[in-house]
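From the two separate chains plus the hints, produce the assembled complex.
Letter by letter, the chains look like this.
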Amino acid sequence: MYAFDFERPSTIADAAKALAQDDAQALGGGQTLIPTLKQRLAMPTVLVSLSSIPEMRGICRSDANALCIGGATPHAVVARDGGAFPALADLAGHIGDPAVRTRGTVGGSLANNDPAACYPAAALATGATIITNTRQIAADDFFDGMFGTALEEGEIITEVQFPIPQAASYQKFNQPASRFALTGVMVCRYASGVRVGVTGASEDGVFRWAEAEAALSNSFAASALDGLTLDAEGMLGDIHGAPQYRAHLVTVMAKRAVEEAAT
Amino acid sequence: MAQISITINGKSASAEVEGRTLLSEVLRDGLRLTGTHIGCDTSQCGACLVHVNGQLAKSCTMLALEADGAEVRTIEGMANDDGSLGDIQQAFQDHHGLQCGFCTPGMIMAATSLLRENPKPTEAEVRAYLEGNMCRCTGYHNIIKAIMAASGQDVTLAAH
Ligand SMILES: Cc1cc2nc3c(=O)[nH]c(=O)nc-3n(C[C@H](O)[C@H](O)[C@H](O)COP(=O)(O)OP(=O)(O)OC[C@H]3O[C@@H](n4cnc5c(N)ncnc54)[C@H](O)[C@@H]3O)c2cc1C
Ligand code: FES
Ligand code: FES
Chain A
87 MYAFDFERPS TIADAAKALA QDDAQALGGG QTLIPTLKQR LAMPTVLVSL
137 SSIPEMRGIC RSDANALCIG GATPHAVVAR DGGAFPALAD LAGHIGDPAV
187 RTRGTVGGSL ANNDPAACYP AAALATGATI ITNTRQIAAD DFFDGMFGTA
237 LEEGEIITEV QFPIPQAASY QKFNQPASRF ALTGVMVCRY ASGVRVGVTG
287 ASEDGVFRWA EAEAALSNSF AASALDGLTL DAEGMLGDIH GAPQYRAHLV
337 TVMAKRAVEE AAT
Chain B
3 MAQISITING KSASAEVEGR TLLSEVLRDG LRLTGTHIGC DTSQCGACLV
53 HVNGQLAKSC TMLALEADGA EVRTIEGMAN DDGSLGDIQQ AFQDHHGLQC
103 GFCTPGMIMA ATSLLRENPK PTEAEVRAYL EGNMCRCTGY HNIIKAIMAA
153 SGQDVTLAAH
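Residue numbers (this note's numbering), protein chains in the order written: chain A, 87 to 349; chain B, 3 to 162.
Bound conformation, chain B alone (with noise of 0.2 Å):
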């Protein structure tokens, strides 16, 4: 066992790991984060993704050990600080951009590293970055439309 110390969401935090425990294990069963979610745990479908060092990974893809020292964001983390939802949440709500909510946060993290790489982006490049983000209920359109409106754009023509 070795130790590993992480900064989680702005707080420090520490955690006994294997060389084999994957990030996701730390953050669901060690910290009890569990708003990270496990869809497939083989890489495809986007549901634990998370930010280490502000750069989108899947949790379920990265061993603990290559996150020590580093500073993760989880969607636990995307609120604003008086506890309302962020922009990009809030707009998942009015856009009806979620039903069962599974893949909600893996959406919100993508999303979220989208609009800070790409402020304005087309409908075609919200859907090439969410290559990687299944989801089973939505049909996808509502979650473009959300993401569209989260980035300050008109949507009344989006996802047709």
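Looking at chain A on its own, in the form it has when it is part of the complex (with noise of 0.2 Å):
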């Protein structure tokens, strides 16, 4: 690791001005950002410690039926407190293995939007809000592309709200040698219709399956899904498996989480 300074705010406020200053990076749970600073793939100036702010820890559910989660939560509280949201306590539960989970954070992960993490499948498929230090932002306008998105330079995930769904399941094809998603897909049932989130699966990330949607709207079962495909073009493919492969796995996890999600 190249040097660095270290600080660790214990409100917002102080956070924010902290990571005003040149090169400044947030350090969340350090579950991916200490291997890219071993890597020397980063290289902070000071690295602004959110692990010690209680404003930004915890969960609640909101008078608008979302479950409220601050964003230096760790994925370990999210398994156990998240009991409102079972399909989203299910996720966390089964986000890397015990020790990732009691350091990684929501705001982490969704700051990061690796293509093959969790969350940003459950932020698209509940069209969550995620709250910064500055601003609201809708799901569908956070993510852009692989590691992307629409935080600005020094911008902090102090809260994400998920609207809790009637039904909901996220079915994860695990990667064992990562313990990544190999492909996941995340489906809520709200009043208003269905949402589906599908991550490690696209070249850009994280992104909705319109014509799942429309199609389990119209009637929530399995079987509504059946001879839908997605084009393999633009899949990710690597030795775990090939973009036609990851194609056909969504369409699997996907009718996989409706059963899941319908009993």
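Honestly, the hints are just simulated from the structure, not real lab data.
Errors might be hidden in some of the hints.
[Stated by the list, open to error] FRET-style restraints, in silico, Cβ to Cβ:
| no. | chain 1 | residue 1 | chain 2 | residue 2 | range |
| --- | --- | --- | --- | --- | --- |
| 1 | A | A106 | B | E119 | 32 to 42 Å |
| 2 | A | M129 | B | Q57 | 26 to 36 Å |
| 3 | A | D167 | B | A126 | 18 to 28 Å |
| 4 | A | S278 | B | E18 | 50 to 60 Å |
| 5 | B | A81 | A | M232 | 45 to 55 Å |
| 6 | A | E238 | B | T124 | 38 to 48 Å |
| 7 | B | A126 | A | A89 | 42 to 52 Å |
| 8 | A | S303 | B | L87 | 35 to 45 Å |
| 9 | A | F233 | B | C42 | 18 to 28 Å |
| 10 | B | L159 | A | P172 | 28 to 38 Å |
[Claimed, not checked] Derived coverage of chain A by chain B (criterion: at least 3 residues anywhere in the stretch with Cβ under 8 Å from a Cβ of chain B; other residues may be distant):
| no. | stretch |
| --- | --- |
| 11 | 118-130 |
| 12 | 183-190 |
| 13 | 203-213 |
We treat Cβ as the ideally placed atom computed from N, Cα and C, and that holds for glycine.
What follows is the structure in structure tokens.
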């Protein structure tokens, strides 16, 4: 790692101030950033830890029936205390391994937007609102291609609000070596219709599968997806799965999610 | 350089660290607690697991400054007060849950967390919890057996 200074503020306002310094970077749980620093792929002059800001940790349920999660809340806490939205708690409880879950955070996961990460699929499938120290961003406007987001330099995800669906399920096909999703699909049913978020599939990162949403809004059954296919063009391909395989897997995981959600 | 204070296995200690110093480096190089192993240094293997304020953490993927003021427990703090092996450690010995022993400190720290959260896990739950712990020797079966035994469950049918 290159050398850097370290600050651990206790309020969002102080963190924002610290992040206004040249080449400052936020540190969430460090589960992605520390390995990146070790590889010298990042060179911040100051790291601003978000781990000691009480107003950024914890979970509550809003009057508008959303699960509101502080941006620095670790996955393990969502898994344990997110019972008001069981499918989201289940998603959090299957990220990586137990030690990744005690430190990795929802804000870090969304800010990083790894093309195989789990939370981005949930953000799209719920139509979540990402709240930062300066504004509110709809999930549909947040993700911007692999590892890209709408966040400005130094902007902090302080909270994420996930509208609680009537029925939902996240189905992750594990990539056992990395423990990320090889491909994962989240299906959420609301009074207004069904939303489907897909991760670990497209070269453009997480996306909503509009055809499946239309079919499932019409009939919430796995059979509604019969005959629907995704084009392999533009899908991720690696030694673990070719683009055609991933395209196929999206339908399989979407059907499993519908079946699980419907029970 | 900055000074950090931690409680390590019940005793207070301090160390001089840089921003980039890892908790694993403080433990191994600073405090000479070399029972915490470094297998991969890339967050994959779990050999470096410790407890920070009672929570399982990869010490190779945590900055020392993040542990300032924390209570840290390592494998050196897992034996009984009289120096005899703790229950989980003893179960690893009884059930041949280790060969070279490189992964063992991390396995013991993970197993301790698991049994605290879930005192009577099923075999499947033990395997799932150890997802982040690699072992190159045992093939895992005897590790699973040892943890099931440490939880007071019958292991005659486990890990077959
Ligand atoms: C072995 C392993 C397995 C994993 N498996 C999975 C998996 O199955 N699914 C999955 O989704 N993820 C997985 N992850 C990733 C994990 O969820 C990370 O926790 C996550 O990607 C990053 O979160 P973090 O809090 O650790 O952020 P950090 O690593 O600290 O930061 C990541 C990036 O986000 C920025 N950042 C952090 N917090 C904020 C914030 N509040 N506001 C703005 N920017 C911020 C940082 O500046 C940095 O650029 C895995 C990681 C490992 C090591
Ligand atoms: S050395 Fe920390 S996970 Fe392998
Ligand atoms: S006993 Fe050798 S790595 Fe596990």
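Look at the Cβ atoms of A:S278 and B:E18 and judge whether their distance stays inside 50 to 60 Å.
-> 57 Å, holds
Closer than 8 Å, Cβ to Cβ, for at least three residues: run that test on the stretch 183-190 of chain A against chain B and report holds or violated.
-> holds (count 6)
Is the gap between the beta carbons of A:F233 and B:C42 within 18 to 28 Å?
-> 23 Å, holds
Could you check the hint for me, namely that B:A126 and A:A89 are 42 to 52 Å apart, CB to CB?
-> 45 Å, holds
Take a look at whether the Cβ-Cβ distance between A:A106 and B:E119 falls inside 32 to 42 Å.
-> The hint (32 to 42 Å, Cβ to Cβ) holds, given that A:A106 and B:E119 are roughly 40 Å apart.
Is 38 to 48 Å right for how far apart the beta carbons of A:E238 and B:T124 are?
-> 47 Å, holds
Taking the CB of B:L159 and the CB of A:P172, does the distance hold inside 28 to 38 Å?
-> For B:L159 and A:P172 the Cβ distance comes to about 31 Å; the hint holds.
Starting from the range 45 to 55 Å, see whether the pair B:A81 and A:M232 falls in it by beta-carbon distance.
-> At 47 Å between Cβs, range holds.
Counting residues of the stretch 118-130 of chain A that have a beta-carbon nearer than 8 Å to any beta-carbon of chain B, does the count reach 3?
-> holds (count 4)
B:A126 and A:D167 - C-beta distance against the hinted 18 to 28 Å = Cβ of A:D167 to Cβ of B:A126: about 24 Å, so the range 18 to 28 Å holds.
Is it true that A:M129 and B:Q57 lie within 26 to 36 Å of each other by Cβ?
-> Taking Cβ atoms as reference, A:M129 and B:Q57 lie about 30 Å apart, which means the hint holds.
Look at the Cβ atoms of A:S303 and B:L87 and judge whether their distance stays inside 35 to 45 Å.
-> 59 Å, violated
Hints 8 and 13 from the earlier list are contradicted by this structure; the remaining hints agree with it.
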